[in-house]
Structures are given as C-alpha cells and as structure tokens.
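Given the structure of chain A, go ahead and fit chain B onto it with the hints provided.
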Amino acid sequence: MTMLKALTKQKKIILLTALVLLTVCLLYLLPQLNASNYQYFLNKRGTKIIAILLTGFSIGVSALSFQTITNNKLITPNVMGLESLYMFIQTFIIFIWGSKELSMMTSYTQFFLSIGFMMMASWGLFNLVFKKENQDIYRLVLTGMVLGSLFGGLSSFMQVLLDPNEFTILQGKMFASFNNVNVSLLGISCLLILPCSYILIKDRHALNVLSLGRSSSINLGVNYYRLVKRQLMMSAVLISISTALVGPITFLGILVVSLTRKLLNTYRHQEMMIEVTLLSGTFLLAATYLVERVFSFNTTVSVIINFIGGVYFIYLIIKERQK
Amino acid sequence: MIEVKQVTKVYDQFPVLNEIDVCLPEEKIIAFIGSNGTGKSTLLSIIGRTLEKNGGHVYIDDIELALWKSQELAKHLSILQQAQQSIVRLTVEELVGFGRFPHSQGRLSQEDQQHINRAIAYLELDHLRTRYLDELSGGQRQLAYIAMVLAQDSHYIFLDEPLNNLDMKHATQIMKVLRKLVDELHKTVLVVIHDINFVSYYSDHIIALKEGKIVAQGSTDEIIRPDVLKEIYDIEMTIKEIDGKRFCLYFE
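Chains as they are written, first to last, in our numbering: chain A, 1 to 323; chain B, 324 to 575.
Bound conformation, chain A alone:
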C-alpha cells in the first residue's frame, strides 16, 4: 500500500490500464478451456493476442508521435493516405492478375510488396515535399491527403470494374481482422518493430521538447529537420506493418491518443507511449472479444473501433470548437 502511494498519478493510471488489459486478455484467453483442448486454444488465442498488441503498439505510438510532430491534436498518420495506398496495392493486384494470383502469393511476398511500396511512397513524398529550406510540415500532410484521395479514387474505380466474386475476396482485405493473422508474419513484424522502438526510446526526450513547437525546440538544441524526418519514416513503417498485418483501422489512433492525453495530462512521451500501447491493446482486444463472442462474427473489429472512435472524434471536434 505504501508503494502505491509513492507512485505518481500517471504511473497509477498506467498500472490500472495494464490491469484492465490483463483482465480482458484473461477473459479472452480462458473461457471453454479444458485439459484436452487447451493446447489448441491457447496457441490460437495467444497468437491473436500477440498480433493485437503489436498492432496496438504500432498504431498508438505512431499516432502519438505524428501529433507531436505536427503540433495538432486532431490528426493521425492516416491522413497521409498510407492506408489508401495499401488498398490501392491490393486492388491493383486483383485487378491486373485476379484473385487467384493474390491468394497464390505467399504471405511473405504480399507483406513485403505492400510494406515496400508504402515505405517507398513515404520516402519519396518526404524527400519531394519536406525540404531543408522549406520545413513546412502542413504542406507535407496536405500533399499526403491529396495523394491519399487520389489512390482512394483509383481503387474504387478499379473496384467497380471487378468481377463480383473477385470483389468479395478484396472486401475481406478492406476490413481489419485478426482471424487469419499469419504466424509467420508476426516474427517479421516484431523484427521490423524493434528498430522503431529503439528510435522511440532514443527520441523520447527530444519529442517532449518538440511539443513546445518548432522554433522552441530548435532553440533548445533539437535537430528539428532530422528528428521530424526520422519520426515520420518510423510512423510510416509502423502504419505499414499494422495495415499489412490486419488491415486499416482508421479511428483507433485518434481515440487512444486523445484518451491518453486526457488521462495522463503530461508532456512526457515515455509515459504516454506506454499508456497509448496499453489502451489500444485493450480496445482492440475488447472489440475482438465482442466480434467473436457477442456478435458471432456478424461484424468486424474495424466497424466497432471506427464506430467508437468516430463518435469520440466528433465529440472532440465539437469540444474544440467551443474553446
């Protein structure tokens, strides 16, 4: 008890969230287990939980870092159009070669193809728009938005021309799902997430300073141009991983980052990063639980998350307007 009292308010909230996440994990993991089936179920459910935590981490911290970089509380890396690019790649493959080819492709090929394209696109965009002489972050974001809607438009153009059977297969890729997470991809994702985590840990203090704004952070000796570029590339990698792993979940980032800011009320990224990961894990897992046990697969995780996140986003905008 005395130990609990020594903790700061932030650490208590983090601890509490961790407990909630643990409870949800157990709720998901344990039901209907018995001596004969436990190996099968634990393996299956455990894999899903790992995938969910990886996705939660990727989406959460990339959204947090992106908000700090852009100094804006209402946007997440999704506005940069990476998810539209992902959808475009999937649609394009089916459109050109047909769904057979897509299902024939090994998961590795697909994974690296999608991630490779998304990273190349982000790298090209940063180098074209975000220049040393013209460090205008909003120009970068707006260019990303325009390109995002271009890819979205192209995708839906190709989708209308598709054979209905092929379209059904494509549709499976358009909604986030943890049902067919490929175990072999989890290892690769972990490997890609590792350097990102290293960058985040290394940059955590610099990110704290960056939340003061561009000129203040330059004044305090942060190499703004390099930091922003590194963090943006990292966000692109993380978003690519989570999208390729489970599919697009647009409103999760904004939901968990806003909640984290509200709950912790701190500038310290080291604490916010932990909380944001725990929260997004909790939301994703709870949504998966609902989909599987309550709605018996009649809906998808992205529908539930986007519903909650979307409503919360509207609330945020209304509140922001009243200020």
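No farther apart than 30 Å at their CA atoms in a straight line, the calculated lysine-lysine pairs in the DSS-like style are these:
{"hint": "1", "chain 1": "B", "residue 1": "K398", "chain 2": "A", "residue 2": "K202"}
{"hint": "2", "chain 1": "B", "residue 1": "K503", "chain 2": "B", "residue 2": "K492"}
{"hint": "3", "chain 1": "B", "residue 1": "K328", "chain 2": "A", "residue 2": "K132"}
{"hint": "4", "chain 1": "A", "residue 1": "K131", "chain 2": "B", "residue 2": "K398"}
{"hint": "5", "chain 1": "A", "residue 1": "K132", "chain 2": "B", "residue 2": "K536"}
{"hint": "6", "chain 1": "B", "residue 1": "K536", "chain 2": "A", "residue 2": "K131"}
{"hint": "7", "chain 1": "A", "residue 1": "K131", "chain 2": "B", "residue 2": "K328"}
No wet-lab data here; the hints were simulated from the structure.
Keep in mind that this is a model prediction, so the values were computed, not measured.
Same frame as chain A, but now just chain B:
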C-alpha cells in the same frame, strides 16, 4: 562574438535581406529597429538558426552556424520567438525546466534544479510556479518563456518582439530584466522592438534596417537623432531629453 557576412534571404524571388554585413558588440542590449517588413525578424531568425539563409555566412564565436552541433549551440545561443500554441499543458516550472534540455538532455540534475529556481526567482514567478501556462495572462506567459531562456544559461539571448501585446507594467518589467542580464550576468541580448522609446531608454546599441539593408548602426546616442530616424522611418520626429534620456515624439 557574432559576425554576419553577406547574408541574403529571398522569398519567392523577392529579396528580404540583401547581403547583410554586420558585427555585433558584446555585453550590450542590441536593438534591431525598422518599419514592418524590413527584415529585422528575418535577420534575427537567421542568426538564431530557426530560419535557413539563401547565401552568406554567420559566425558565432568564429564558427560558422552550420558547423555547430545543435545541442552545443543551444548552450551558447538562445532565441525566443512568438510562442506557439503547444498541444500539451505545461506548468511554469515544467516550461522553465525545458530550458535545461541542452545541458541535461531531459534528466534534471540537482544543478539543473538550481538553475530553474534561480530563473524563476529572477523573473519573480515564484507564486506562479505550479500554475498552467494557459491559465496565465499574456504578460505572465511571456515572463515564463523568458525564464525558460534564462535557465538555458546561454551567452547570447535573442528575443523577437518580446513586448508584443504587453501592458506597460509587464513591458518595463521585461526590459528591466534584460538590462539586469547584461549588467549583472554579462550576457549579450539582441531584441527586435517596435516602440522606439523602449529602444531609446533601455538599449546600448542599435541596428536599423530598411528594405533589406542596414541603413544605420551605432550606439543609442548616435542613432536616436531626428535626421537618422527620419531616414530609417520616413517620418519626422521631435526628440526631447528628460533626465538624460531621449524620448521621441512622432504623434503629430
């Protein structure tokens, strides 16, 4: 010492600064004056490395700006520009603590804490320490930001229009603090100020810009004269001396 050589800045082919050469004196309050759009803030931002120049060189203690390591330079030179809205809520103490970042990289030591306390005391903000910045008045917030720069403990301190939107009480308080920084702590302070009487009363050295060029520079006594000011601002000024200080009247 700060030396500026042939510095040029161009926005969309429109030159804002045109081959500026200037050498700044040490341990003085140096005021940049001139009408709107003459490049004062641009020059200050370029020397303070928040803006990239298109040509020329800036030497801080004989080393070119681009060759300084960002972290090292932040220990020698600080610049305070119009405070941006931050997405996080900070208390005065937390903000001032950020000033120690170049020295501590985020982990505050005992010594850092002393610097923070001293800076807060210097600006008489002790009673506001734990208050959030968004609860303060504009003047108090500006004082808090100056305390942050003070905690940074750099030799050169640049302030871009620090008196903007402040009442007389806060404006004079800030100018007195800057005076003390030079007289007691031997700092070199560079400011952009619009009110010519604040410049005349508090500064030691004046650099005047007009259309991207330096049109006059020298000690305050050399610049605060009707003929020089007429050339800088294109308006007639009457100058009166009260208790050894010159005041400019330009309301006619």
